[in-house]
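Participant: In the numbering used here, the protein residues as written are 621 to 1150.
It is worth saying that the hints were derived from the structure and are not from the lab. Everything numeric in this text was worked out from a predicted model, so none of it was measured. Hints are all accurate, no fakes.
Taking lysine-lysine and the DSSO-like style, the derived pairs with C-alpha atoms no more than 27 Å apart in a straight line are:
id, residue 1, residue 2
1, Lys1015, Lys1043
2, Lys679, Lys845
3, Lys1016, Lys1050
4, Lys780, Lys845
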Amino acid sequence: MKDYPSQKFALTTPLYYVNAIPHIGSAYTTMVADVLARFKRLQGQEVLLITGTDEHGLKIQRTAAAKGREPQSHCDEIVASFQALWDKLEIQYDRFSRTTAKPHEAIVKEFFARVWEKGDIYLDRQQGWYCVACEEFKEKRELLEDGSCPIHTNLKAEWKDEDNYFFRLSKYQQQLETLYEERPDFIQPESRRNEVLNFVKQGLQDFSISRVNVEWGFPVPPDPKHTIYVWFDALLGYVTALLEESAEPTLDNALGKWWPINLHLIGKDILRFHAVYWPAMLLSAELPLPEKVFGHGFLTKDGQKMGKSLGNTLDPFDLVERYGADAVRYYFLKETEFGRDGDFNETRFINILNADLANDLGNLLNRSLGMLKKYCQGNLPQLTAEDIPSANPLKKIGEKLGDRVAAAYENLQFHLACEEILKLLRANNKFIDDSAPWKAFKQGQQQEVELVLYSALESVRLSAYLLAPIIPNLSSDIYGQLGFDLDFNNQNTVNKFNLYKQHSQWGAIPANQNLTKAKPVFARLELPAE
RNA sequence: CGCAGUGUAGCAUAAGGGUAAUGCGCUUGCCUCAUAAGCAAGAAAAUAUGGGUUCGAGUCCCAUCGCUGCGACCA
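Can you build the whole structure from these sequences, using the hints too?
Facilitator: Here is the structure:
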């Protein structure tokens, strides 16, 4: 095993745009980030999970105006809704980076200055049709006949003829291509990488990083009539997030400990910004590049794209409210292969949770504890892993399970992690049936009963431990019923290298546990009435 | 339109060219420790369609159809 305590790991979700309250897609990315962060912390690694919000731009300015609000108060309100959702979902973020936070402006200015001094920013004239909703220029041919944007059909594109500051992206073409080649893992999954490669191959053009007539944002330092383009501002939110609370907002202070970021988790829609523009900006500023950008897929509902126009959105608040954080987290982590698109279907949701969490896991614990009470006065057998024959099917599966699951988490293959653990749980139920402790007990074979129950309970424990990053509440409950005083939401007590070393192995359950009363840890869900 | 990817039982996924697997759901049987949970057996797909290569193709090639992504600033 590697020397985890010496490692540190910084990862980010996107800084979500505060145009509206969070949707399920943002929740998905954030849940995944949290699961990975939790697993690494469990291993004793030092982790920094960054999330936050991107709050500038013309769109926010206008959204706020439409509500008759100041932009800042609009942002504050939306931010509160993000934070509320993350709390409900048990997201343990370390930093919440807002682009309207005070230190951010200083960071943006300093960064801008570096790129400016490098000669990578110049003034030029920008003409074209601009869609405010997209915050981008459109080609004439992209527009619909009535001149509206194809994505925002209710909104006419606006003709702009203005001076903009441009970033010399084209200058970094070669360096980017070298980067992609030398570090094939930089963009994942591979299908996304190919998209980027294709895009870059066409030849990179400079892009504008300022706007005029936009109030809501930072002024371009040498020319305050201009406002820095939201993306240039937003990406730097990852840097600002690294500042310690009391530190002066300088790049040096921000980059000292956690830079470069190990992993940017993003949705596939913002891949180019993270895989092309962002590294180019950093190259220009002569800063080290992040280790990896992972662009995951989108979620659909009942096989259909979600959208306000279709009216088939999935409200994450409602979902957690009805089913709880563990259920929601488990479903999305287990039932979608990370990277590919995933689908939400309520019937499938309920079936999976009942089968995996209520039946395979919850009921397994419950039946095992029930037997322990009846056949062993509720005391754990005085056994250790060595007392269990090596042919024991649970021991065989359990022995290397920790390593397999760790590898799956490490590779962001969360569905595989779950699947590996489920194999042990299913084998466990089968093992109990095959061994029929109730018969053994009636025949007075106490030793046999104890061997079976020890193996069963230990396997449940190991499963709960390895699933803790995904279902922290359930795992805590299970651990509680097994006599541990360990709350997987309490970072101070669970995240220790030595604990991981011990608990990720089969056979860690001590004999002298005071078991609390057994009760179902995950109630079966009912299909909502039509 | 161009480029790329994809198409396996009701659903989700697996199968280095050689008897199509697993989970969920469904049917039946068994058990009784348990949350109407568990275990076992079973039904169900000629692997989108049409060609080709091969002794043999889900697996390679071509075409067609369907879906998805990318095609310059989509927060």
